[in-house]
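S.K.: Sequences listed follow chains A and B, in order. Here the numbering used here is used: position 172 in the first sequence is 172, and no number is missing along the way. Here the numbering used here is used: position 200 in the second sequence is 200, and no number is missing along the way.
Everything labelled a hint here was simulated from the structure, so no lab data went into it. Don't take every hint at face value.
Said to hold, decoys possible - Heads up, simulated DSSO-like pairs for lysine-lysine below, C-alpha to C-alpha not over 30 Å straight-line:
{"no.": "1", "chain 1": "A", "residue 1": "130", "chain 2": "B", "residue 2": "124"}
{"no.": "2", "chain 1": "A", "residue 1": "130", "chain 2": "B", "residue 2": "53"}
{"no.": "3", "chain 1": "A", "residue 1": "194", "chain 2": "B", "residue 2": "123"}
{"no.": "4", "chain 1": "B", "residue 1": "105", "chain 2": "A", "residue 2": "123"}
{"no.": "5", "chain 1": "B", "residue 1": "53", "chain 2": "A", "residue 2": "105"}
{"no.": "6", "chain 1": "B", "residue 1": "194", "chain 2": "A", "residue 2": "194"}
{"no.": "7", "chain 1": "B", "residue 1": "123", "chain 2": "A", "residue 2": "53"}
{"no.": "8", "chain 1": "B", "residue 1": "53", "chain 2": "A", "residue 2": "210"}
{"no.": "9", "chain 1": "B", "residue 1": "124", "chain 2": "A", "residue 2": "53"}
{"no.": "10", "chain 1": "A", "residue 1": "123", "chain 2": "B", "residue 2": "130"}
{"no.": "11", "chain 1": "A", "residue 1": "130", "chain 2": "B", "residue 2": "123"}
{"no.": "12", "chain 1": "A", "residue 1": "210", "chain 2": "B", "residue 2": "210"}
{"no.": "13", "chain 1": "A", "residue 1": "74", "chain 2": "B", "residue 2": "194"}
{"no.": "14", "chain 1": "B", "residue 1": "105", "chain 2": "A", "residue 2": "105"}
{"no.": "15", "chain 1": "A", "residue 1": "194", "chain 2": "B", "residue 2": "130"}
{"no.": "16", "chain 1": "A", "residue 1": "105", "chain 2": "A", "residue 2": "130"}
{"no.": "17", "chain 1": "A", "residue 1": "123", "chain 2": "B", "residue 2": "123"}
{"no.": "18", "chain 1": "A", "residue 1": "53", "chain 2": "B", "residue 2": "192"}
{"no.": "19", "chain 1": "A", "residue 1": "194", "chain 2": "B", "residue 2": "124"}
{"no.": "20", "chain 1": "B", "residue 1": "194", "chain 2": "A", "residue 2": "105"}
{"no.": "21", "chain 1": "B", "residue 1": "192", "chain 2": "A", "residue 2": "210"}
{"no.": "22", "chain 1": "A", "residue 1": "105", "chain 2": "B", "residue 2": "124"}
{"no.": "23", "chain 1": "A", "residue 1": "105", "chain 2": "B", "residue 2": "74"}
{"no.": "24", "chain 1": "B", "residue 1": "53", "chain 2": "B", "residue 2": "192"}
{"no.": "25", "chain 1": "A", "residue 1": "192", "chain 2": "B", "residue 2": "124"}
{"no.": "26", "chain 1": "A", "residue 1": "53", "chain 2": "B", "residue 2": "194"}
{"no.": "27", "chain 1": "A", "residue 1": "105", "chain 2": "B", "residue 2": "123"}
{"no.": "28", "chain 1": "B", "residue 1": "105", "chain 2": "B", "residue 2": "194"}
Fair warning: this is a prediction, and the values are worked out from it, not measured in the lab.
2 protein chains.
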Amino acid sequence: MSTVQRSDRESISEMTTERLSVYLRCLESLDETTISSRELADRFHLNAAQIRKDLAHFGEFGIRGVGYNVGRLKEHLIRTLGIDRSRHALIVGAGNLGMALADYKGFNSEGFRVVALIDTDPKKIGQASKGDITIEAPAQLGEIVRRLHVEIGIIAVGPAEAQAVCDTLVEAGICAILNFAPVQMRLRDGVKIKSVDLRINLESLSFFLKNAEDALCDTG
Amino acid sequence: MSTVQRSDRESISEMTTERLSVYLRCLESLDETTISSRELADRFHLNAAQIRKDLAHFGEFGIRGVGYNVGRLKEHLIRTLGIDRSRHALIVGAGNLGMALADYKGFNSEGFRVVALIDTDPKKIGQASKGDITIEAPAQLGEIVRRLHVEIGIIAVGPAEAQAVCDTLVEAGICAILNFAPVQMRLRDGVKIKSVDLRINLESLSFFLKNAEDALCDTG
Chain A
1 MSTVQRSDRE
11 SISEMTTERL
21 SVYLRCLESL
31 DETTISSREL
41 ADRFHLNAAQ
51 IRKDLAHFGE
61 FGIRGVGYNV
71 GRLKEHLIRT
81 LGIDRSRHAL
91 IVGAGNLGMA
101 LADYKGFNSE
111 GFRVVALIDT
121 DPKKIGQASK
131 GDITIEAPAQ
141 LGEIVRRLHV
151 EIGIIAVGPA
161 EAQAVCDTLV
171 EAGICAILNF
181 APVQMRLRDG
191 VKIKSVDLRI
201 NLESLSFFLK
211 NAEDALCDTG
Chain B
1 MSTVQRSDRE
11 SISEMTTERL
21 SVYLRCLESL
31 DETTISSREL
41 ADRFHLNAAQ
51 IRKDLAHFGE
61 FGIRGVGYNV
71 GRLKEHLIRT
81 LGIDRSRHAL
91 IVGAGNLGMA
101 LADYKGFNSE
111 GFRVVALIDT
121 DPKKIGQASK
131 GDITIEAPAQ
141 LGEIVRRLHV
151 EIGIIAVGPA
161 EAQAVCDTLV
171 EAGICAILNF
181 APVQMRLRDG
191 VKIKSVDLRI
201 NLESLSFFLK
211 NAEDALCDTG
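Kindly generate the complete structure, drawing on both the sequences and the hints.
M.R.: Quick look at the structure:
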């Protein structure tokens, strides 16, 4: 059982929830039945003190000299992240990105399922993704959200249309939005908007390349 | 000037370089000429102590009572991340994801440019992306890397082919790889592989939804 109070829960940063996801991925790749924070840190290049702090925050304490029970910890993380049941997502924008996301494995396995694709282009409406989701018109959005119990809206349109799509999703009752458009969205009370910035990954690679160059200059 | 030693640089975690990218995004959206770590933290929901620690680590210190010079700090972060010059990237896999990434704005603005697309499908070879990058055959990869000075390889193929593509990229001299396939790659000395897991974003939204539900249950 989690011992976290609501006020604590609200202040948990996104970095923390992302680390919980990372711990879950690591645990899923283990064959062991128990693991210590130290072993987990060494194996996956993580920080042992941070692992202990994060897990204790959600009511999970390892046993000194034994570590964590892997199966129990996995279940605990799955419940904490709210992926112990399936949540339905809808994608607005059936361009290359929207179509790629509709078939993305991580969006269609335990915990999540893409159930609808929306696009304004009459030529696209009626066509289907590889996973057989038919593209529908924006007019259908509200009805689809209700009928298919959609909880998550994914914005895969261009920057010019993104805010309008976001507003439509919120009006339809969606309060968790994943945004791929490179624009800052207006915040709304009770609505969580997460924007994905893929460029950060390239900057991290650039940092590595630059340091490799600097190291060569230092020794060369 | 950065005062960081090489051994320090090597041990900098990916979370730190990602925070540098986040700071840069925040600074780019400011009109002010100076800003304190406290103001920056308040404005963008960051942690002031973490900002000071991260920036001091890279040789940037704010002035007490004044803060950081925004322009100078931006330049410093751009240099630190190695994006003060353009780095060329090549995408392997011209499916929906590869085509979306080829046109992705963040991969084609200051610091980065997608210069080539590779696919095995003879029907795709010779076709072009919206941004007018022609899809070429895998046999051309080595020559393209040399001719266009490609530094970053982006893997946008399925999980079954990803490791072979990764090996080909390394053989062609690429030592920074961004992997979108949901597989763990074999590590290689001197090669940095960054895998993107978009599902983490959905898990973060699920965590929000779950806590909103729990809060309703608590008060309901």
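S.K.: Is the Cα-Cα distance between residue 105 of chain A and residue 124 of chain B 30 Å or less?
M.R.: Roughly 23 Å between the alpha carbons, so the hint for residue 105 of chain A and residue 124 of chain B holds.
S.K.: For a C-alpha distance cap of 30 Å, please report whether residue 105 of chain A and residue 74 of chain B respect it.
M.R.: Roughly 37 Å between the alpha carbons, so the hint for residue 105 of chain A and residue 74 of chain B is violated.
S.K.: Just to be careful, I want the Cα atoms of residue 53 of chain A and residue 194 of chain B compared with a cutoff of 30 Å; is the pair within it?
M.R.: The given pair, whose Cα atoms are some 26 Å apart, holds under the 30 Å limit.
S.K.: Mind checking the alpha carbons of residue 105 of chain B and residue 105 of chain A for me, to see if they're no more than 30 Å apart?
M.R.: holds (24 Å)
S.K.: Could you grab the alpha-carbon distance between residue 123 of chain A and residue 123 of chain B and see if it respects the 30 Å cut-off?
M.R.: Cα-Cα ~22 Å, so holds.
S.K.: Are the Cα positions of residue 194 of chain A and residue 123 of chain B separated by 30 Å at most?
M.R.: violated (37 Å)
S.K.: Compare the distance between the alpha carbons of residue 194 of chain B and residue 194 of chain A with 30 Å, and conclude whether the hinted pair is satisfied.
M.R.: Holds - the C-alpha atoms of residue 194 of chain A and residue 194 of chain B are around 21 Å apart, at most 30 Å.
S.K.: Does residue 192 of chain B sit within 30 Å of residue 53 of chain A, going by the straight-line distance between their CA atoms?
M.R.: It holds: about 28 Å lies between the C-alpha atoms, which stays within 30 Å.
S.K.: Check whether the Cα positions of residue 105 of chain B and residue 123 of chain A lie no farther apart than 30 Å.
M.R.: holds (25 Å)
S.K.: Holds or violated: are the alpha carbons of residue 53 of chain B and residue 105 of chain A at most 30 Å from each other?
M.R.: Outside the cut-off at roughly 38 Å; violated.
S.K.: Next pair to validate is residue 53 of chain B with residue 210 of chain A; report whether the Cα-Cα distance is within 30 Å.
M.R.: Holds, at about 21 Å.
S.K.: Is the straight-line distance between the alpha-carbon of residue 130 of chain A and that of residue 123 of chain B 30 Å or less?
M.R.: With Cα atoms ~18 Å apart, residue 130 of chain A and residue 123 of chain B stay inside 30 Å; holds.
Comparing the model with each numbered hint stated earlier shows that hints 2, 3, 5, 7, 9, 12, 19, 23, 25 do not hold.
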